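Turn these sequences into a full structure, and let the hints steer you where they fit.
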Amino acid sequence: MNAIEVSHLSKRYGQVGALHDVSFSVGKGELFGLIGPDGAGKTTMYRLLCTLLLPDSGTATVDGYDVVSQIKEIRRRVGYMPGKFSLYQDLTVEENLKFFATLFGTTIEENYDAIRAIYSQIERFKTRRAGALSGGMKQKLALCCALIHQPTILFLDEPTTGVDPVSRKEFWEILAHLKERDITIVASTPYIDEVRSCERVAFLSSGQIQGIGTPKEILSDFRAIFNPPGLEHKGSGPEHQDELVIEVEHLVKAFGDFRAVDDISFSVKKGEIFGFLGANGAGKTTAMHLLTGLNQPTSGTGRVVGFDIRTEFEEIKRHIGYMSQRFSLYEDLTVRENLRLFGGIYGMTDQEIQQKTAEVLERLHFTGHRDSLVASLPLGWKQKLAFSVSIFHTPGIVFLDEPTGGVDPATRRQFWELIYDAAGRGITVFVTTHYMDEAEYCDRISIMVDGKIKALGTPAELKSTLGQPDMDHVFTYLARQATRSAD
0 MNAIEVSHLS
10 KRYGQVGALH
20 DVSFSVGKGE
30 LFGLIGPDGA
40 GKTTMYRLLC
50 TLLLPDSGTA
60 TVDGYDVVSQ
70 IKEIRRRVGY
80 MPGKFSLYQD
90 LTVEENLKFF
100 ATLFGTTIEE
110 NYDAIRAIYS
120 QIERFKTRRA
130 GALSGGMKQK
140 LALCCALIHQ
150 PTILFLDEPT
160 TGVDPVSRKE
170 FWEILAHLKE
180 RDITIVASTP
190 YIDEVRSCER
200 VAFLSSGQIQ
210 GIGTPKEILS
220 DFRAIFNPPG
230 LEHKGSGPEH
240 QDELVIEVEH
250 LVKAFGDFRA
260 VDDISFSVKK
270 GEIFGFLGAN
280 GAGKTTAMHL
290 LTGLNQPTSG
300 TGRVVGFDIR
310 TEFEEIKRHI
320 GYMSQRFSLY
330 EDLTVRENLR
340 LFGGIYGMTD
350 QEIQQKTAEV
360 LERLHFTGHR
370 DSLVASLPLG
380 WKQKLAFSVS
390 IFHTPGIVFL
400 DEPTGGVDPA
410 TRRQFWELIY
420 DAAGRGITVF
430 VTTHYMDEAE
440 YCDRISIMVD
450 GKIKALGTPA
460 ELKSTLGQPD
470 MDHVFTYLAR
480 QATRSAD
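Quick note: the working numbering has the sequence shown finishing at residue 486, numbered continuously throughout.
Because the hints were derived from the structure by calculation, they are not lab data.
Every value quoted in this text rests on a predicted model; they were computed, and no experiment measured them.
Misleading hints may appear alongside valid ones.
To be verified - When the alpha-carbon atoms are kept at most 30 Å apart in a straight line, the in silico DSSO-like pairs for lysine-lysine are as follows: (1) Lys462 - Lys168; (2) Lys97 - Lys168; (3) Lys316 - Lys355; (4) Lys27 - Lys71; (5) Lys97 - Lys178; (6) Lys316 - Lys381; (7) Lys71 - Lys97; (8) Lys451 - Lys125; (9) Lys462 - Lys268.
What the hints assert, rightly or not - Ranges between beta-carbon positions, derived for each pair: (10) Glu460 - Arg180: 42 to 48 Å; (11) Ser68 - Val15: 22 to 28 Å; (12) Ser22 - Glu198: 14 to 20 Å; (13) His364 - Glu109: 53 to 59 Å; (14) His249 - Glu216: 50 to 56 Å.
All residues carry an ideal CB built from backbone N, CA and C; glycine is no exception.
Below you can see the structure in the form of structure tokens.
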């Protein structure tokens, strides 16, 4: 008997069809991948199989129990780790684990052996609030919470999105050990290396199964989506090569005795695409806060678009663009209304807003959707619009903080075409990412370890100097030299 049987399952939300006649099965003890772009229906499928939603039609069984009529039996047997960490940020590590153990009528002591290998890595932080943990630590705690009642089936909805490559590798090593205990695992992921770690995968798109097979088969059959052709970038033109947009010397940010940023120096040229990489806890977020005027340094100097980061941080905020992983768009406003709103915030005149709006709509091929609510747009469209909003006022530099997290490779490639276009128009791009194929797209890269910049150069220079075949190996080689905990 299979661990999971799905037959002709469908689910709608009003007029929106989330799943259409989906059928597949997962064998006992199998590591099965459920992959596809944002909005494909993956999360809806997880919620149906975990009995958090009821299907409109079709049937499904989990561990032999029906998802409609045998809900209690299923809930005792499954563990679920949602895409957004299912943790209470204001509770400590230990309090979170106790809470989830209580929900399932058990205790940490009773099932400690089931989580020992994972929990032992974070147990020394058991009195720390979950909100103060790094992404990798939160990920391990969330997995412990999902395993505390010893489930036979584990559902993981993009559990490593936003987590650095080294922590991702460690997480999938943990999954391999869980599989040895005959736990059935269904996982979704936007990372191709993680897709390859599955035994079989189902490719879900627009609510329908497009194909099921081995990772090699699916990645080959749908190579246009999962392995789009590379991009070419000529770099900043000679007219910009002597103009610096960022100048940093001996920058330090300390919190008590802890130096989050520890004496870093670097510069970035106009029109350059500069990758700012580092494992969770390396200090890159703190450094970005200093550069964008959100925090002031303990010591050292820095200038961004000509303004001093110590004394002119308000001017910096007015002359830069910023895009976070959580898009800063108003979903209940239309495309055109969002552009007008942000244009006004940036102090642009009505004439400038009208002219730039027409240019953006044409560049994005959004002219026919100018009056569409942002909430109704696909993720990839929102992403492009958010980037266009961040550079609407033509800033000297735009900061992109993991802007493509959780997005499929084809959509990420389209986003990088917009980045190249912006750089070609003289806008400097300062980008953080956990996708190492995106690191290859940058003109230069810095990699932070323990608050310091351990490497700086072009992708080719870093691979050659460190003797590594690609940026993934470069990052892993340096990140594993860290001596302080990513906590």
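Here is how each hint holds up against the structure:
Note on lysine 462 and lysine 168: the hinted pairing holds, with a Cα-Cα distance of about 20 Å set against a maximum of 30 Å. With a C-alpha separation of about 27 Å, the suggested pairing of lysine 97 with lysine 168 holds against the 30 Å cut-off. For the suggested pair lysine 316 and lysine 355, the alpha carbons sit about 21 Å apart, so the restraint of at most 30 Å is met. Proximity of lysine 27 to lysine 71 is assessed by CA-CA distance (about 20 Å); at most 30 Å being required, the pair is judged to hold.
Note on lysine 97 and lysine 178: the hinted pairing holds, with a Cα-Cα distance of about 25 Å set against a maximum of 30 Å. Our distance criterion of 30 Å between C-alpha atoms is met by lysine 316 and lysine 381, whose separation comes to about 23 Å. Between the alpha carbons of lysine 71 and lysine 97 the distance comes to roughly 21 Å, so the proposed pair stays at or under 30 Å and holds. For the hint linking lysine 451 to lysine 125, the alpha-carbon distance of about 28 Å falls within 30 Å, and the restraint holds.
Restraint check for lysine 462 and lysine 268: the C-alpha separation of about 22 Å stays at or below 30 Å, so the hint holds. Against the hinted window of 42 to 48 Å, the Cβ-Cβ separation of glutamate 460 and arginine 180 comes to about 44 Å, which satisfies the hint. Between serine 68 and valine 15, the C-beta spacing of about 26 Å keeps the proposed range 22 to 28 Å intact. Evaluation of the 14 to 20 Å hint for serine 22 and glutamate 198 yields a pass: the beta carbon distance comes to about 19 Å.
At roughly 58 Å, the beta-carbon separation of histidine 364 and glutamate 109 lies within the given 53 to 59 Å, and the hint holds. Checking the proposed 50 to 56 Å range against histidine 249 and glutamate 216 shows it holds: the Cβ atoms sit about 53 Å from each other.
In this structure, none of the earlier numbered hints is contradicted; all agree with it.
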